[in-house]
Amino acid sequence: MFLSLLPSLLIVLALVSVFLYVMPEKTLSSLLGAKSGFLGVVIAALAGSVALIPGFISYPLAAIFIKRGIPLPTVAVFITTLMMVGIMTMPIEIAYFGKKAAFMRNFLSFIGAFIIGLLIGVFL
Amino acid sequence: MKKKKILKDYFWIIIFFIFIVGSMFINYEPGRQIYINFEKFFIEMILFLPLMFVFVGLFDVWVPKEKVERHVGHEGGITGTFWIILLATFQAGPLYGAFPVAYLLSKKGASPRNIFIYLGAFSCMKLPMLTFEINFLGLKFSLLRTLFSLPVFIIIGIIMEYYLGKDYKVTQPENVKMG
Chain R
1 MFLSLLPSLL
11 IVLALVSVFL
21 YVMPEKTLSS
31 LLGAKSGFLG
41 VVIAALAGSV
51 ALIPGFISYP
61 LAAIFIKRGI
71 PLPTVAVFIT
81 TLMMVGIMTM
91 PIEIAYFGKK
101 AAFMRNFLSF
111 IGAFIIGLLI
121 GVFL
Chain E
1 MKKKKILKDY
11 FWIIIFFIFI
21 VGSMFINYEP
31 GRQIYINFEK
41 FFIEMILFLP
51 LMFVFVGLFD
61 VWVPKEKVER
71 HVGHEGGITG
81 TFWIILLATF
91 QAGPLYGAFP
101 VAYLLSKKGA
111 SPRNIFIYLG
121 AFSCMKLPML
131 TFEINFLGLK
141 FSLLRTLFSL
151 PVFIIIGIIM
161 EYYLGKDYKV
171 TQPENVKMG
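In order, the protein sequences belong to chains R and E.
Residue numbering for the first sequence follows the working numbering, beginning at 1 and increasing consecutively.
Residue numbering for the second sequence follows the working numbering, beginning at 1 and increasing consecutively.
Among the hints, erroneous ones may be present.
To be verified - The list that follows gives simulated cross-link-like pairs (lysine to any residue, SDA-like), each with its CA atoms no further than 25 Å apart: (1) E/K40 x R/P91; (2) R/K67 x E/G31; (3) E/K8 x R/R68; (4) E/K140 x R/K100; (5) E/K169 x R/P91; (6) R/K100 x R/A34; (7) E/K40 x R/K99; (8) E/K3 x R/Y21; (9) E/K140 x R/P54; (10) E/K107 x E/L164; (11) E/K40 x E/E29; (12) E/K8 x R/V12; (13) E/K5 x E/P50; (14) E/K107 x E/I36; (15) R/K99 x E/G97; (16) E/K166 x E/K40; (17) E/K140 x E/G97; (18) E/K169 x R/M88; (19) E/K169 x R/I57; (20) R/K100 x E/F90; (21) E/K107 x E/L47; (22) E/K107 x E/G97; (23) R/K67 x E/R32; (24) R/K99 x E/Y168; (25) R/K35 x R/L46; (26) E/K40 x E/V21.
Stated by the list, open to error - Pulled from the structure, derived: some chain E residues nowhere near chain R, Cβ distances all over 12 Å: (27) D9; (28) F25; (29) W62; (30) G77; (31) W83; (32) L86; (33) F90; (34) P100; (35) A102; (36) L130; (37) N135; (38) T146; (39) I155.
It is worth saying that the hints were derived from the structure and are not from the lab.
Glycine is no exception: its CB is placed at the ideal position from the N, C-alpha and C atoms.
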């Protein structure tokens, strides 16, 4: 199990390492940083909804965000949408749950992510 | 044949390391920086991963499916919801990996509410992932995020049941391969 995961794990680690180097601090913090305010949170939510990143890589990525000064609520929204909202996997979800349920679940999860972000902002 | 597969699996990693080693030789600064990042991630990863796999393996064997599923139907109430969250938190994998389980749960009589609570818990309360999250994002942030997501996905489950009706069933897709 572990060995079969290892190649993709190493590739992702390599990609994140490159991403960390290539992504200029300024671009990242101007997109998602404190100055961009609520728009930054929305961008984070949209990115998290579309992106398909395995959990074990979203945390190191989020750690980069925090180190680069992205506000914690924005990071929380990004992680939550990454985990709960799946635009890319929507066809699979529709096949199991039907259009109505799939759209509603993703929509509610999207809203829910903002609530979680808001609570993080209040308590941290 | 096996060698070929290994070569294919590790192709990009080999390219990556050739790039790194080459960078070291010609003193190419970006390459060095990227390697420093990679090393940090790799060490963190190797410290945590074995723990997670032991975790996942044990619960895969120890938690009897049939028994849990019996308690999460319409009569299950709060206890049923508790069980379903417990079931989800001890699993691992991407959300779409939970869809076949959701179908199975639905077929065996789990209520729509519990099925969507299961998906919610599966996506953001997995314990193996939590150990990982704490590792990277700190105890306070991770615990609070998990704690706040709990009421959010329970409410989502309740809304979903209200929206879809109590008799809603997850269907087995015809043209999507079962996980």
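Compare the distance between the alpha carbons of R/K100 and E/F90 with 25 Å, and conclude whether the hinted pair is satisfied. Violated, at about 29 Å.
Next pair to validate is R/K99 with E/G97; report whether the Cα-Cα distance is within 25 Å. 18 Å, holds
Decide if the proposed pair is consistent with the structure: E/K107 and E/L164, CA atoms, cutoff 25 Å inclusive. 16 Å, holds
Given the hint that E/K40 pairs with R/P91, test it: the Cα-Cα distance must not exceed 25 Å. Violated, because 36 Å separates the two Cα atoms, which is more than 25 Å.
So E/W62 supposedly isn't at the interface. Is its beta-carbon more than 12 Å from every beta-carbon in chain R? For E/W62, whose nearest Cβ neighbour in chain R is about 17 Å away, the distance exceeds 12 Å, so it holds.
Straight-line alpha-carbon gap E/K40 to E/E29, limit 25 Å: 17 Å, holds
Take a quick look at E/I155 and tell me if its Cβ sits farther than 12 Å from every Cβ on chain R, holds or violated. 8 Å, violated
Compute the least Cβ-Cβ separation between E/L130 and chain R, then decide whether it is above 12 Å. 10 Å, violated
Hinted pair E/K5 and E/P50, Cα distance within 25 Å: Holds: E/K5 and E/P50 sit about 24 Å apart, inside 25 Å.
Holds or violated: E/K169 with R/P91, Cα cutoff 25 Å? 18 Å, holds
Check the hint pairing E/K3 with R/Y21 against an upper bound of 25 Å on the C-alpha distance. Violated, at about 33 Å.
What's the verdict on E/K140 and R/K100, does the C-alpha distance respect the 25 Å limit or exceed it? 36 Å, violated
Going through the hint list in order, the structure does not satisfy hints 1, 3, 4, 6, 7, 8, 14, 16, 17, 19, 20, 21, 27, 34, 35, 36, 37, 38 and 39.
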